[in-house]
Structures are given as structure tokens and as C-alpha cells.
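Chemist: What follows is the residue order along each chain.
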Amino acid sequence: MATVTDPPKAEFRLSMLIYDTRYRSMTIQVVALIGFLLLVGFLISNTVQNLATSGKTVGFGFLTEPAGYDINQVLIEYNNQNSHLRAAFVGLLNTLLVAVLGCITATVIGVIIGVLRLSPNWLIARLTTVYVEMFRNVPVLLWIVFAMAILIETLPAPRAFRGDDPEATMKIFDTVAITNRGVYVPEPLFSRSLGDIHLFGTSSMNFDISLDLLLIIAVVVASIFGVRAIKRNADATQEKTGKRPTTWYLTLGTLVVPLLVVLVALGFHLGYPALQGFNFQGGTYLRNSLIALWLALSLYTAAFIAENVRAGILAISAGQTEAAGALGLRPNRIMRLVVLPQALRVIIPPLISQYLNLTKNSSLAIAVGYMDITGTLMGITLNQTGKELETLLLGMLIYLIISLSISALMNWYNNRVKLVER
Amino acid sequence: MSNLHADTVAFVRDTMLPQKEPPASTVGLLGWGKKNLFTGPFNTIVTILCTAFIAYVLWMLIPWFFSPTWNATSLGECREMLTAAGKVGEHGTSGACWGVIRERWIQLLFGFYPAELYWRPILAFVLLAPALAPVLFSDKVPGKLLIFSAIYPFLFPWLLWGGTIWSPICAALGFVILYAVVKYGSEAIGQLGAIIAAVVAALVWWLFLSGYVQDGLAAVIPLAIEPVASRDFGGMMLSITIGVVAIACSLPLGIVLALGRQSDLLIVKSLCVGFIEFIRGVPLITLLFVASTLLNIFLPPGTNFDIILRVIIMATLFSAAYMAEVIRGGLAALPKGQYEGADSLGLDYWQAQRLIIMPQALKISIPGIVSTFIGLFKDTTLVSVIGLLDPLGLSNSIRADQAWNGIVWELYMFIAALFFLFCFGMSRYSMYLERKLQTGHR
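The listed protein sequences correspond, in order, to chains A and B.
So in numbering that gives the first Met the number 0, the last one in the first sequence is 421, and the numbering has no gaps at all.
So in numbering that gives the first Met the number 0, the last one in the second sequence is 441, and the numbering has no gaps at all.
Calculated directly from the structure, the hints in this document are not laboratory data.
We put the beta carbon where it would ideally sit given N, CA and C, even for glycine.
Treat the hints with caution; some may be incorrect.
What the hints assert, rightly or not - Where chain A lies over chain B, by a calculated footprint (3+ residues, C-beta under 8 Å):
hint	region
1	17–23
2	275–283
3	370–378
4	404–415
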């Protein structure tokens, strides 16, 4: 007689929480969550206790109090009676300024170096390798401090420009003064200016945007659209008749004429820096902390970008180049039409993270005294108000937002150029 | 008339001609130059420009480099020596001032560590080689050295910071307890119970008991070496200490974070993603500010632990987040078949990870892991911003010194060369490792 065994009863035992795969993942997650909440609770209770002991309160009210310190490089109007919030905003703009400048130059240098590293010319390939290894293997902070020290120690002081027989002279037809305090370059001026547009009223984020600048940007953008229309027309004609109409003078005209007209209408002229007393007046003044930071960050990041570019180009198989050559394309067209579009897909993701790195590395500005968000909010404001918790959290939040927006933007672009697969 | 070929022509060669020498212009130095340097007019111009550039740099650098200022004690004295040697350019004297390196190199290496105790950091770093050897060159050194690798983490801080020998021994005893409870408790209370019991026992030991035992033992058998305070640490020694410890800790943490991010458990996954994205979104310098000012607020009142330890914790967390992303890349690059193959063999999650997934994923991500290491080592210079005296922090104080005010190139070139040596070495090692582990899949 066969004994029939019942299937095990589905009664719940406590050990099933651990040994039954149906419940185990739940258990682990609950334990992890409880652990995390306990940790957060522990930190918060410690914080509350510590703040109570030291008699501090938590609050962001200090942001509206007058900052009381000066910032030497500003993009918008600022004086030491403005609030801490405005000082932080000035710092944020300075961070963005050096990040944007750095990303542009780093990309340009990086692409050139990366392409040259693949050159068949033995000498230039080795030279660029030396460049890349030199910059990649030495800390960026050292480059920043080094660049700053070189600018201060080796460039002439403004007083060297004085006298009948000065030790130093201005460069490029007497328009640019390179001194150990910074570089003075000509500034664009408009004698029939349209004035400024004032944004955000009286809040601490208010700033002026020059209408002249907006107009010029609008004209340039319109010109670019015009040029693209001309190219489309030419393409259409070529499709229809087989002959490509000559368009270079139209293109050139569309680009140059409207811009010239606007510039003349606005009364564009350059304001040159001139030596007055002990220092230069007029022109746009770039402090050497900005220049050192910009230079060091671009050269350092360029070494990494060069490697990304090189890897991207090497990732395209030689068969692609050979096939394009077999179709009868010239080398530069092979590069432009076949290799680069494919290489870009490989290059862009690491390029995004290099841009992010550059932006985060710009916080090292504090080492040379460039007043970015780290120097203002997390530097002087922290020291003056003693609000470590609030300033640091706010500063980290700002960096987080910048990082996440850059990566979101670049991911959007990456998705656009990505190869559409099955 | 015969149609045979041999009858119609006068001569048929029946032996091969000896091979001719290749033309002189395609072999040797000349051929190499023609192929690599002078392929066309454009390349020729580039070559000439490059040669001119290199010649110019060497022309400027070599006379500057070889300057008789080794014994100078101040920048002024350097200039006098250069003037005496006739090295005067149009902008004053031109030549390196090596006196600063002679006077300060030992400080740049050790900071303010007591001079009579230099043997301790030196011994610690020399012993690092045999401790790392069984891990790095597993095929060339006997496996028994691994025992030393296990002892080393306790020896290292003791040698650097000094103090009684009982504190590292007590710390190590915690691990012994952990191991013993797991090993002998498994049969009695099951594996999971044993692990939990072991962790609890070890924590009780570390948090409550080891302090008394340590004091007691120290009172009975006072075996101690002179303690050194953290503020005396400095120079390259500080960078290497922070770098080595943070590197060693960030790899396992990074693996755990990467596994967490790849897991199916929603809460674990979101915690890991949140941590990784937060750390990667902020600059290291803000985390160091947190370490130097905020950590005391977050911890129980009265805790005040060492600034170097705090920096190491922050650097570890920072590079663990980057490490996690690198390893996640390796995990994602593995074909799905590897995971399914492991499942079909009946391996559980940890067995599959340990035996199948991780060895391959880590191998793929070696270049990324090493470049994260290099990045971390370079980032140790950031501690100079929060006032620790790493080589960069020391360089600021040297440049502020009356005697060396105005010195730039020599000092920074020396520091840069030190960092270059380590980072370049690491990158070469990663290339060696990649070649060694290459199993020929491509």
C-alpha cells in the first residue's frame, strides 16, 4: 500500500523569513531600511544634541544678512553691504564662468592632442604622449598652485610698465597688458547702447543683462539659420539638377553683413586698458587667480579628453576608413563623414564625465583665492556666520544640482547622437 | 622545329637569384626616418617644428638645470652663486636654485615626523612590498606570505602612530574572535546564527572589552614605542598613508556598492544609487570640509577622533562611489550567459559572485580601478586645503619662508616628480596586469 505524503503545509514559520527565497529579499530590505533609518536618526539626534550644547540654532536666516566682505572678481554688481545670498550667487556665477571657459578650452586642446597622438609622425606622437602623461600623473591642485606661482613670480608688475624706457611693454599692438596681477584685455563698448535689462527686481538674485549683447547674439543666431537655409537650398538644387550652385559669397555675406550693420548701429568700439598711477584702468580685467585656474584646469582636463578622443578614434575599425577610401573619399572627408560621426558616439559619454570633473575640480579655486561658490559660501560666509551645517549642505546641494544638470543635458545629447539599434 | 620552350630561347634560369639587399632608403635609420618623420611635405614641416621646439626647451632647460647652487641656504645666496658662476641672463640670474631641495627634501618626504623615528615610516612602507606581493604578483611569490598580508594592516598604524603594542593586538583579537565564533559556532547554532553571534561578539569586544584589556596588558607588560601625534605627519608620507589606506578600503566598499546598485532589491538599490550619485555629484573638497568641521556635529558629543582618520574615511567614501561605478561597468559588460550559467549550476548568489561573476568583472574593470586609485592618490593633495601638511601644504610654508621667498620651479617640479613616479608606476602596473590576465578573447 502506497503511503501518500501530504505536501508540506504552507504554514508560516519564522525561519522562512531567512531561508525561504520568497521572503528573504523582503527581510533583507526591511533590515537595510531599518538600519538606514537608525543611522539617520542617530546622526540627527547627535546633531540636535551637539547644536544645543554649543547654543547654535539651525536656520537659513543668515543668508539675508549683509555679507560684509568684498569679492574681487565679480560678474554682476556686488558690494560688501549685499546679503550672503547674493555673495553666494556671485560665487556660483564665478564657478560657472570658470567651468564654461575651462570646458571649451579643454575640449579644443584635448581634441587636437588626441588626434596628434595618433599621427603617423613619430616625433609629434611622442611629444603629445609626454604631454598627456605629464598632466595626467600629477595632481590638478599642484598644477593650479604652480600656475598661480608662475604668474605671480615671473610676470612683470604693473609699475614695470611705467616710465619712458619701461622694462615691460603691452602685447599685441599695445592692447593687452599682461601683469602679475592679472591680464587686462580690451573691452567692447557701445556708444549708442540700448541699455540694460534688469532681471529679478530687488531680490538678491537680480542682475543686468546688456541689451546690446542680446541683440548681437540674436543676430548671429539668425545668421546661422540663414546660412543653413542657403545650404538646404543648395542641396535641393544639387539633387534636382546635379550641379551645386556657388554659395560661399552668400554664406559669407549672411554671416558678416548683419553683424557689421548691428555693430556700426550700436557704435561699437574697444576700450583699451591704460596705465594710470600704479595700475591699469579700463579694459576687462582678468585676475590671475582666474587665469591660473582656467589654464591649469584646461590643460589638466585636456590630457584626459585627449585620451578619450584617441580611444574613440581607435574604436572605429580600420575597415571603415578603408571602405570609405575605396568609395573614393578624400582623407578629410573620410574623417568628417565616416570616422568622426561614429567616434563621437564613443567619445561623448566619457567626455561628459570629464566636464563634470572639471566643474567639480573648479572648487579648488579656494587654493588660489578665486572666489567661487566654495570660496564665498563655504569659505568666508561659513567663517563669518559660524553656520557650518547650513552653508556646507547648501553648497553641496548647489554642486549636486550643477552636476546633475550637466549630466542630464549631456545625456540628452548622447541619446540624440546614439546609434539607433534594433 | 620543336615547340619546346627550351629550344626556342637561348637561356633558362634554373636557380633562384639571391635576394637583393633592400634599397638603402628603406632600411636602417634613414628608412625609419623616411617612414616616420618625412612622409610628405606636411609631415616634414611638422617634424622640423617639433625638433625646433624640443631643441628650444632643452636649450633653456639644461643650463638652468645644471646650476651650482646645491649648497645655497637662501634664494639670495643662490643668486650670488649664479652670478659668481657667470650665469646671468637679461632678466637677472638664470639657473635653478637647488639649495631649497637639499635643505627641505627630508621635510617634503616626512613632514615634522621626529627625525630619530624616520625608520618607522620607512619600515612600514618597505614592509608594504612583501605584504602586497602575494596579492599583486600571485604567480611569483609563495602563498604563505598571505599570512603577513593579514598581519600588516595592524602593523602599519602601529609603526606610524606608535604607542603600546597591545592596541593593534587587541584590534586583531576582535577578528580572531569573529573567526572563531563563526568556525565553532556554525555546528551549534547554524551558519547564519553563528555569523550574527560572531559580529555581536566582536563588536562587544571592540567597543567595551578591548579598552580595559589593552590598559591592563599595557600596565603589566609595557611594550610600547614612542607615540607620534597626527599633526606631526606630513609630506609624501602623509599622502602615501592616506592613499594606501583609502585605496585598500575603497575597493571592497566599492564592490559592495556596485552589487547593491545591480541588485533586484528595491530599497537596497535605491540606497546605493542615492549614496553613489550624491558622492559623485559633489567635489571632494566639500567632503573634506565636512570631515574637518561637520563630522564632530554628526557624532555623539565628546567624540573627537583623529583628523587624519576623518580624512581617510571621507577619501574612502569618495573613491568607493567612483569604484562602484567602474565595477558596475564591469558587471554590465559580462554576457548574460555567465549569470545564467552560474544559476544553472545551482550556485547561490554569493557563490556565483565569488566564483564566476566577480573574477571576470574585476578583470574587465582593472584599467578603471587603477585609474580610480591614481585619482585618489592625486586627490590626497587636497588635504592641504584643510590645513594638513602634505607636500603641497609644506610648499606653501616653504615659499612663505623669508629665505626661500620667490622660489617656484624647483620646488613644484620636485613635488610633481614625486607624484609622477607613483602614479606612472601604478599605471604601468595596470598595463602589466591587463596583459597577464588577458585570456585572448579578442
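Chemist: Taking the hints in turn, state whether each one holds.
Modeler: Verification of the supplied hints:
no., hint, verdict
1, 17–23, "violated (count 0)"
2, 275–283, "holds (count 7)"
3, 370–378, "holds (count 3)"
4, 404–415, "holds (count 6)"
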